[in-house]
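Enquirer: Spelled out, the chains give:
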Amino acid sequence: MTTKVHLDRAHGLHLLREMLRIRRFEGKCAELYQAQKIRGFLHLYDGQEAVSVGVMQALGPQDAIIGTYREHGQAIARGVPMGPLMAEMFGKLEGCCRGRGGSMHIFDRSRRFLGGNAIVGAGMPLALGVALADRMQGRKTVTACFFGEGAADEGEFHESMNLAALWRLPVLFVCENNLYSMGTPVGIAEAETAIWHKAAGYRMGGEAVDGMDPVAVEVAARRAVERIRDDGAPYLLECRTYRFRAHSMFDAQLYRSKEEIEAWRAKDPILRLRDWLEKAGHLHPADLERIEAEVDEEVAAAVAFAEAGTLEPVEELDRFVTMDEVPL
Amino acid sequence: MSAAAQPRLTYREACRQAIRAAIQADPRVFLMGEDVGRYGGCYAVTKGLMEELGEARIRDTPLSESAFVGAGIGAAIAGMRPIVEVMTCNFSLLALDQIMNTAATIPHMSGGQFAVPLVIRMATGAGRQLAAQHSHSLEGWFAHIPGLRILAPATIEDARHMLAAALADPNPVLIFEHVMLYNTEGELDPAVEGVDIAKARIRRPGRDVTLITYGGSLFKTLAAAETLAGEGIEAEVLDLRVLRPLDTATIMQSVARTRRVVIVDEGWRAGSLSAEVAMRIVEEAFFELDAPIRRVCSREVPIPYAAHLEQAALPQPETIAAAARGLARPGK
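In the order they appear, the protein sequences are chains A and B. Just so you know, the first sequence maps onto residues 1 to 328 in the numbering used here. Just so you know, the second sequence maps onto residues 329 to 660 in the numbering used here.
Just so you know, the hints here were simulated from the structure itself, not pulled from any lab data. Quick caveat: nothing in here was measured; it's all calculated off a predicted structure. Beta carbons: idealized from backbone N, C-alpha and C, even for Gly. Zero decoy hints are in this set.
Covered stretches of chain A, going by a simulated chain B footprint (3 or more residues, C-beta under 8 Å): (1) 98-104; (2) 116-122; (3) 127-135; (4) 158-165; (5) 320-326.
My request is simple: use the sequences and hints to build the entire structure.
Expert: In structure tokens, the structure reads:
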């Protein structure tokens, strides 16, 4: 894997497609929520696509990912198939967690996607352990740990940053700073709103990057991952981003103005990359039509897969409360 | 094991032998916690182990309970078999989120994709005048949580052998070591190579009343049984050993024999493990009972510093004997 990003036509279209896959998947999720096919909490990632898509370009199949509760985009960008993902939100047996986890708890062992985690900050200690275990077993991997800026309010953020730096654990901390912890603006929750500055307190490398630009995120993530693979030390990448939609489906968004949302929508990572690719002559109208059609087809297939899914028999409710063996 | 096997050893030494043997037997096993390495452990359980086994296998951590317990969970998921030491169960509350919301949920919530083969050891209980933030017995709280196995080794044999069984369990196992047990001495039968972590044990047979207890209260209960024997009351002492899942079969068999029950638990009475045991008996063996179930628990106070107050707050052989006496000889 190289730190250089060659933004040729193929790669540009790949990034665009990946972001569109997330956007269209989640657009469908919102519809299905209104139709009451999906219930519980549903936290949409709209606006933040560049972060996951950019970071995932820097990771290989051996690497591990710890997600947040706003993790559909992280999962899709990691390659978790949309069918089992959608079926999970439908609460179906064919879901990636048999319908036990739902939107906030996506796990995919085969892709080392170690969970959506709905306790803010709680994934960070987990990432330390995965990185430590990999190193103790001679695996040269990086564990990418996603969290929102709200996690920096938690003690676990500081405990984890300290321990990761102290033990030089190969963790890429990815802060998705979307400026709001539910309705709390970062400015009234954090004394230092530049999250990446906190890395210095742990003698850890860190930087902030435009989280609305997948290429910028990819470049920074590749550089960070390369550095982690080289020297083993953790790194904090703050991706400055914005969610276009509400925190969850129960949020009237009284804490922010329409103007603010519109200003951020003008920085939409999908539109920006699309425009750039068009200007560079890499994207033709037919390309976009084709990609959108293919993505829509993939989403439709996922919905059909979820609709056709079955319900786990209630007799299996107790299954996996405790395990009979450790899965290999 | 060394050729010159000691006939007698302390509970502390038994714990140390167990950790050493586990780490030597399996390259995936390591221990981490506060002051476990250079210092040798808050209760000196791990003294000398870092020098012997290396810093990679005996890892000193910062005072970050949530981070190192969570790291233990992550390491377990990624193929290791960590032993995490939390200095006392009072501090485990700083890691309660990781234990409850992560370790205990991931197997079920992921649809069985991940197991969490993690062992967490912690000291529990009162008796050293450490006051209200170091003396509580919180194992009953943890026994409330589906997905966990909760162990309370009281004997030298259990202290020596429960750890290996816990490490072989694919699920998170919490081991509560009562602080007053570390200095107790006993013999270790070299012929015993392991113990189960599923069954309760009758530590003293008797026909008149069953005294159900575990952990640090076992020896107080045995002392009470000795006193009662001098009065002609033959008390059966049942050591729960495993607080979750409860071995109700052994409990019910004993209840069916004696028809009278006293539950002795250093935890508080309200909403407690003792309440759970009592209710299981009511549900499963109500008609076997000849008398109401009695409980001897800690008083409903934060455990105080002053020795006389601390002792007054805890179950004692005298209070246990009195409760049993009241059942076995109603009216006296």
